[in-house]
Structures are given as C-alpha cells and as structure tokens.
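Start from the sequences and build out the full structure, keeping to the hints where you can.
There are 4 protein chains.
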Amino acid sequence: MNAGKSTYLLQVAHNYNENGRDVALFTSSLYMQDGVGVISSRIGLKREVPTYDESTDFFALLEQTDAACVLIDEAQFLTPAQVRQLHRCAHLHNVPVMCFGIRSDFRGEPFPGSAALLVLADHLEEIKTICRCGKKATMNIRTTAQGERIREGEQIQIESSIYRQVCARCFYD
Amino acid sequence: MNAGKSTYLLQVAHNYNENGRDVALFTSSLYMQDGVGVISSRIGLKREVPTYDESTDFFALLEQTDAACVLIDEAQFLTPAQVRQLHRCAHLHNVPVMCFGIRSDFRGEPFPGSAALLVLADHLEEIKTICRCGKKATMNIRTTAQGERIREGEQIQIESSIYRQVCARCFYD
Amino acid sequence: MNAGKSTYLLQVAHNYNENGRDVALFTSSLYMQDGVGVISSRIGLKREVPTYDESTDFFALLEQTDAACVLIDEAQFLTPAQVRQLHRCAHLHNVPVMCFGIRSDFRGEPFPGSAALLVLADHLEEIKTICRCGKKATMNIRTTAQGERIREGEQIQIESSIYRQVCARCFYD
Amino acid sequence: MNAGKSTYLLQVAHNYNENGRDVALFTSSLYMQDGVGVISSRIGLKREVPTYDESTDFFALLEQTDAACVLIDEAQFLTPAQVRQLHRCAHLHNVPVMCFGIRSDFRGEPFPGSAALLVLADHLEEIKTICRCGKKATMNIRTTAQGERIREGEQIQIESSIYRQVCARCFYD
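Protein chains in written order, with my numbering: chain F, 1 to 173; chain C, 174 to 346; chain X, 347 to 519; chain W, 520 to 692.
Please keep in mind that the hints were generated in silico from the structure rather than gathered at the bench.
Note that CB positions come from ideal geometry on N, CA and C, so glycine has one too.
Be careful, since some hints might not be right.
Unchecked claim - Okay, derived cross-link-like pairs now, PhoX-like style, lysine-lysine, Cα gap no bigger than 20 Å in a straight line: (1) Lys655(W) x Lys309(C); (2) Lys524(W) x Lys5(F); (3) Lys136(F) x Lys46(F).
Stated by the list, open to error - The following label-pair restraints were derived from C-beta to C-beta distances: (4) Asp412(X) x Tyr345(C): 56 to 66 Å; (5) Ala406(X) x His266(C): 21 to 31 Å; (6) Lys481(X) x Ile669(W): 43 to 53 Å; (7) Asp412(X) x Cys652(W): 24 to 34 Å; (8) Ser29(F) x Glu628(W): 47 to 57 Å; (9) Glu125(F) x Lys481(X): 52 to 62 Å; (10) Ala233(C) x Tyr682(W): 29 to 39 Å; (11) Ala318(C) x Ala81(F): 26 to 36 Å; (12) Leu407(X) x Cys652(W): 19 to 29 Å.
Rendered as structure tokens:
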C-alpha cells in the first residue's frame, strides 16, 4: 500500500552509506518477517532493520547515536509521545530525523502519529502516486481479495487486508 | 502572531477579484471587531468578512456557492468535522478551498482542526517566518506583556495574550 | 504583472524588521518613479528602495553588509554574472538572498537572469496565481490597451505595455 | 552521479504500470550499453528504454501516444527546442511529462536543456542528496580517478569522468 515511500527511504539510506555515513533505520514491529524487521519495496528493494513498538523511547535510544540520520518507516504507527521524543532529538541532539508514513486510514481518519508528525515536522514532503482514475492519490481504501471496498473495521489490520491508494473524489464516491 | 498568512490570504482573494471572480472568505468568530469579522495583517491590509464558529455547516453553506474559491483564515479553530465538510465540498462540488492557520499551540500541542487539515489536504504549503535567532520559526510561544514566557494555560486565549514565533530549538530551550 | 510577489517580498522584509533586523532591498533601475526605486504591490503596499542595474557588483556591495537578508525584486533583469555574485555571497558570506521575479517573457522565452537563478538557487518557491480560465498561471502574455495579444517585440518593455498571466494551455491557444 | 533520480523515475513508471497503464520512457543516447538505452540506479534497479538524441522530435513522436505519462531521464541533454515540444505536448495533448536531470555542470554552468525546463515547467521538484560535509548537495564537481578536482573541460564527458555531488559552499571553496 504505498507510493514508493520505502523505495525513497532506502535510497536516502543508500546515499548516506555511499558517503561513508551510518544511518539508524527503524520500522514498526508490525512489519516483521520471521522475527526480523524488514523494509521492502514492491519494486524489489529490501533491507533488514530494527523495529520499534509503542514502548520504544527514542529520546533515550538516540541520545548517544553516531548515526548521521534517523529514518523511520511506517511512521503512522508512532505514538504522539514518540513523535515528540523524535522532535526533541532532532533539535537538541541535532540529528536529522526523517519519518515516512501515510496520513489517513482506510476511513479517512487520521493516524494519531501522522497527525503529530504533520503538526511538528520542520519539513513536509509528499511522495506522489496516482489513483486508477489518473488523479493524484491522497487517500487509501481497504478492499477484500475480490476488490470490494470495506468501509468499517479496525484502524490497523495488516495481514489479511488489501489496500489501494485513491484520490479524494474516488474515496467519497 | 503570524508570518504573513493573512497578507497571503488577502492577496489570493485580490488575485481572484482582479480576474472578475468572487471568493467566499471566512474568519473565526473569535476574530470580531465591533461585531464584524475582520481579517487584518500587521503590514496594513484589512478586509471585513463573515465569521464561522463551531456550529457552521460548511457543506450546506457552500453547496450552492458561486464563489470561485473559498478562503478561511484562523483555520486552526475549525472542528475536525468541519474540515471533513470542506474536504467533501472541494472534491464533490469542485471548488478550491484554501485554509490558513497555525499548526500547534503555545505548548507545542496540535490544534485539532490543524491536525485534521494536515491529514486531509491535497496540498500543504508553508508560509515561512524567522525566529529571533535567525532560524526558521515553526512553533510559537505565549508571553506576558513583559516578554516572559507562559508555559501553561488554556489552548485558546486571544485578547490578553502575546504570541511570538520561534524555531524548535528556542522552543525547547 | 504579478501574482503578489512584491507583496510577499515586502512581507518578508516586514517580518525581519519586526524582529529588529535590517534587510537590504533592491529593485531594478527599470522600476524608478521620479528617480527613486519603488517596490509596489497592486494590493496597496509600497516601499522606496535602492536600485540595481547591469553594472552593479553585488559581491563587492554586500561584502560588508550588516543586513540579515538580501531581497531583490524584478530579479529577472539580473545578469547571469550577477546571479553568480549573489550565489557566492550567500554561501561565502553566509547571508540569505531571496530573489523574486518571473521566469519567462511574453513569448515564453527565458529571461537569462531567471534561468541562471533557477539553475543555482538552493530553494525554489512558486507564488501562485490563476489564469482567467481558472487554471494555475505559469506564463504571461503582452497585450494592447484593448486586450489584443502581441506576439512579437523586444523582451523588455515596461512603460507602454500591459501584461496578463495565463496558464500554458491558454498561452498556446 | 545522482541523488536517486533514476530510482525515483523507475518508481513512478512502476506505479503507473501497477495501475495497468503504459508509460513512455526515454533516456539520452549518451546512456547506451551495447546499443540499448538503459536507465539504471546505483541502488540496483535497471530498465531498458528507447533513447533520444538532438534530432528527436517529441511533438511528432508523442502526438498519438497511448502512454499515460512520459518520463525522460538525463533530461539535461534535451535541447531548448525539445523542451518546448514537450511543453506543448503536455498542454495540447494533455499528457503528463516528467523530466529528470541535473541543473548545472561541473563548472556550475547551466545545461541549456535544464535551464529551459526550469523556466517552463509547471511543477519543480527537488530530489535531495547530501554533500560529504553533511549539507544539502545542489551542485556537482568532476574529479580524476584519484579524487582530484577538475575545473576545466567540456560540459559533457561521461565515460572517463567521475562526478560527485557537493553543496555550494564546498563547490566554491
């Protein structure tokens, strides 16, 4: 369910590494395969990384980091408190923190972590993809395996769900 | 307490009007002078406009609008439900809606309306201003008339308060 | 002939001045009224400023400036050599330089100064306005007083000319 | 010599293809391997594509295209006339055209094609990478195999040259 954000994240990590600099990568513990966190991109890129969950204290974790940059995938699952930790970290320890995620869930409701990131971030950047109708996709929907839209349910459901990115007009139709 | 967002809003309205097109302008009912809503800019621009409060139903209000564009100032005071109305309006009635506001309050906490706007908006644009230290200001603080920082209190307090825009580092210091 | 860029420039100057900081403002010597350079905005703002012409050496001029920021209006009339001076200035003397101008002339041809700015600038920002058709205006046309389009002539003609901002589709039609 | 622009281009193509839509991809004829155009990314992605050279007439070529999007890599080698063809194409045939390239050469001088693109494009987007010093890289330098900087020579030299992206301060030092 993405526009290439994991591709972009892995490219940024690659740029730093090519310059001889370390990066600290994290993904959500919801994205584990065989017990290991994995950032993977549908275009074929993949990297094993540490995971975070709601108990992770980023301020403590990054206090003495040597990383030139912190990159967090699936950042919509951060808690607002963790977003605040990362924000303090960026400004008090002076380490760039880049968080990649989606803004709203399949009902168009905010992820609390995404809302917190959008409110505090110094720079906001959009990774664009298209809706089937050709317009810019800004939202997403949950479907059955047969492509039928599901309008109600839990905010987070990864394993058995299929997501599709859509524009706002198609979302409301 | 702004970086020129009211100036920018009034300039956009002016551009539309110069092209012979009407715009629908609103500000929060908290910004009334002598019972009339006023959008004013410290650089010297000023325009009387209708106000909205939490009971305003934008979807109904704009259903039959002739306006070429809807412009809302002090949009941090919108409710999340109103943001949803405006979003549906933009995409189902096809009228551009531009909302101008600040992201976080004097404690660094989100305004619910701003969080909702940031999560749903098709385009996000930043109006930049500077902190006294010279860095980009992304947050704001509340002070006494003597310039002393106030760290606790109600989220919304307009009349007797003084605000100053600061960068995140100065915010945390 | 603008989308509000002079408004935006004067607002930035105002923000710096309100923070107790000086700015160095310039406009082209083509924009003099009674021998004095003037930055003015159709919405009603106005400020007298020094002018530059093609003989101005910005690197020498700004070497010992106390200004916290350099703001240049009608920057399409800079020479590519002046753009290079300003670029060196920004990076070797560490003073922010913001240039405001239009990209192409009434034939859709680049202004040499604008092309040089777009190629070297660290940050590019678009000030948006609309075409009469409602789309985003990215180009401009020259017309007679009666509104008839003029397709040939000198690149620079200020006094007796009328300009209108249009989208690319209307430009080519 | 890139920040991931080929990665980004191939990701956009992938997004369109996943939505069941064709894209028209091109790279410069300077980027042929064994007689075939190749877009490749240091992170490991690769795709064979048609090439363009200075004799290509894009307006004729794309007049009857079924492609949902045109993607051009190494777009700094376009001629200004080709940029104009692509611009007309985008606005008269209504097909999105995305061009990926670098702005300036190893001497800080514009590529004529890049200057033309920057002047006419409807949307400008920056793909960021970092200088060895940690700042944002906006320029590039040519070096010997031993890493020694070369300051003079032809604008275009691909085979035997090594390039490195640098920030403007390091460029001028």
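Here's how the hints hold up against the structure:
1. Lys655(W) x Lys309(C): With a Cα-Cα distance of about 16 Å, the restraint between Lys655(W) and Lys309(C) holds, given a limit of 20 Å.
2. Lys524(W) x Lys5(F): With Cα atoms ~14 Å apart, Lys524(W) and Lys5(F) stay inside 20 Å; holds.
3. Lys136(F) x Lys46(F): violated, 26 Å
4. Asp412(X) x Tyr345(C): 56 to 66 Å: violated, 29 Å
5. Ala406(X) x His266(C): 21 to 31 Å: With Cβ atoms ~56 Å apart, the hint is violated.
6. Lys481(X) x Ile669(W): 43 to 53 Å: holds, 45 Å
7. Asp412(X) x Cys652(W): 24 to 34 Å: At 27 Å between Cβs, range holds.
8. Ser29(F) x Glu628(W): 47 to 57 Å: holds, 50 Å
9. Glu125(F) x Lys481(X): 52 to 62 Å: violated, 24 Å
10. Ala233(C) x Tyr682(W): 29 to 39 Å: With Cβ atoms ~59 Å apart, the hint is violated.
11. Ala318(C) x Ala81(F): 26 to 36 Å: Check passed, 33 Å falls within 26 to 36 Å.
12. Leu407(X) x Cys652(W): 19 to 29 Å: Given a distance of about 28 Å, which is inside 19 to 29 Å, the answer is holds.
Taken one by one, the earlier hints fail for this structure at numbers 3, 4, 5, 9, 10, listed in ascending order.
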